[in-house]
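Student: Dock chain E against chain W, hints included.
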Amino acid sequence: KAGVTQTPRYLIKTRGQQVTLSCSPISGHRSVSWYQQTPGQGLQFLFEYFSETQRNKGNFPGRFSGRQFSNSRSEMNVSTLELGDSALYLCASSLAGGTANYEQYFGPGTRLTVT
Amino acid sequence: AQSVTQLDSQVPVFEEAPVELRCNYSSSVSVYLFWYVQYPNQGLQLLLKYLSGSTLVKGINGFEAEFNKSQTSFHLRKPSVHISDTAEYFCAVSDYLGNEKLTFGTGTRLTIIP
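One line per chain: the protein sequences are W and E, in this order.
To convert, take the position in the first sequence, counting from 1, and add 4; that gives the numbering used here.
To convert, take the position in the second sequence, counting from 1, and add 118; that gives the numbering used here.
These aren't lab readings, by the way, just hints derived from the structure by calculation.
Model, not experiment: these values are computed from the prediction.
There may be inaccurate statements among the hints.
Stated by the list, open to error - Label-pair ranges, simulated between beta-carbon atoms: (1) SER26(W) / SER121(E): 28 to 36 Å; (2) LYS17(W) / SER170(E): 39 to 47 Å; (3) GLN120(E) / PHE64(W): 15 to 23 Å; (4) GLY20(W) / HIS200(E): 44 to 52 Å; (5) PRO65(W) / SER144(E): 41 to 49 Å.
Said to hold, decoys possible - Listed next, the stretches of chain W that the computed footprint assigns to chain E, with coverage defined by at least 3 CB atoms under 8 Å from CB atoms of chain E: (6) 41 to 51; (7) 54 to 62; (8) 110 to 116.
Claimed, not checked - Listed below are the simulated SDA-like cross-link pairs for lysine to any residue, each with C-alpha atoms no more than 25 Å apart in a straight line: (9) LYS219(E) / PRO43(W); (10) LYS219(E) / GLY88(W); (11) LYS219(E) / PHE49(W); (12) LYS187(E) / PHE222(E); (13) LYS219(E) / PHE54(W); (14) LYS187(E) / PHE132(E); (15) LYS219(E) / SER83(W).
For each residue, glycine too, the CB sits at the ideal point set by N, CA and C.
Pulled out of the complex, with its shape left as it was, chain W reads as follows (with noise of 0.2 Å):
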């Protein structure tokens, strides 16, 4: 079975540019949460999406934000770059629904560069 993929793998940009990260789900997940990680602030949750609706979300401004397609796809946006963007951004899925066997799958991430 394939694990999350997300693409792309690696971006630069520049300030007050916007960008758009994609993750897809192992096939059959239906839950999939995002998370920013960078040196100074950790792992930190953005938001999690379960049948194409915002179900959690974390502590980050408005210039975040993300959607998930009917196949359990997501995307997350991020506008007005700023150079404080700069994180590896993961993306993780899992089955949903709380069970002996709960486990979120984490992709490889998106390395943004924000210059």
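Tutor: Chain E only, in chain W's frame:
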């Protein structure tokens, strides 16, 4: 709200020696606990999880962890480490089963000395 504290940011250990990576959590409700490993330029991989039941949890790659409710701890241990265990290790907590929002600790970088 929950929080996770990993007291050691870096832990150097000689090869074949035992290791313990410490994790303490704070939560006002029931918790579900996880340890993840991150190798360079990769995403996170689940090592083990505590959802309920036995407080001693065994995971992959020979790692185990013990949930201690009275001390609010979930320390990770391995009796004999290998060079391949060099990585960053993250402890995480969720406040209910099925809550996709994980709160992570700041991570512990484990370096194995040959």
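Student: None of the hints should be skipped; say for each whether it holds.
Tutor: Hint by hint, here is what the structure shows:
no.: 1; hint: SER26(W) / SER121(E): 28 to 36 Å; in the structure: holds (31 Å)
no.: 2; hint: LYS17(W) / SER170(E): 39 to 47 Å; in the structure: holds (44 Å)
no.: 3; hint: GLN120(E) / PHE64(W): 15 to 23 Å; in the structure: holds (18 Å)
no.: 4; hint: GLY20(W) / HIS200(E): 44 to 52 Å; in the structure: holds (47 Å)
no.: 5; hint: PRO65(W) / SER144(E): 41 to 49 Å; in the structure: violated (26 Å)
no.: 6; hint: 41 to 51; in the structure: holds (count 4)
no.: 7; hint: 54 to 62; in the structure: holds (count 4)
no.: 8; hint: 110 to 116; in the structure: holds (count 4)
no.: 9; hint: LYS219(E) / PRO43(W); in the structure: holds (20 Å)
no.: 10; hint: LYS219(E) / GLY88(W); in the structure: holds (22 Å)
no.: 11; hint: LYS219(E) / PHE49(W); in the structure: holds (6 Å)
no.: 12; hint: LYS187(E) / PHE222(E); in the structure: holds (18 Å)
no.: 13; hint: LYS219(E) / PHE54(W); in the structure: holds (12 Å)
no.: 14; hint: LYS187(E) / PHE132(E); in the structure: violated (30 Å)
no.: 15; hint: LYS219(E) / SER83(W); in the structure: holds (23 Å)
Consistency note: the structure conflicts with the earlier hints numbered 5, 14.
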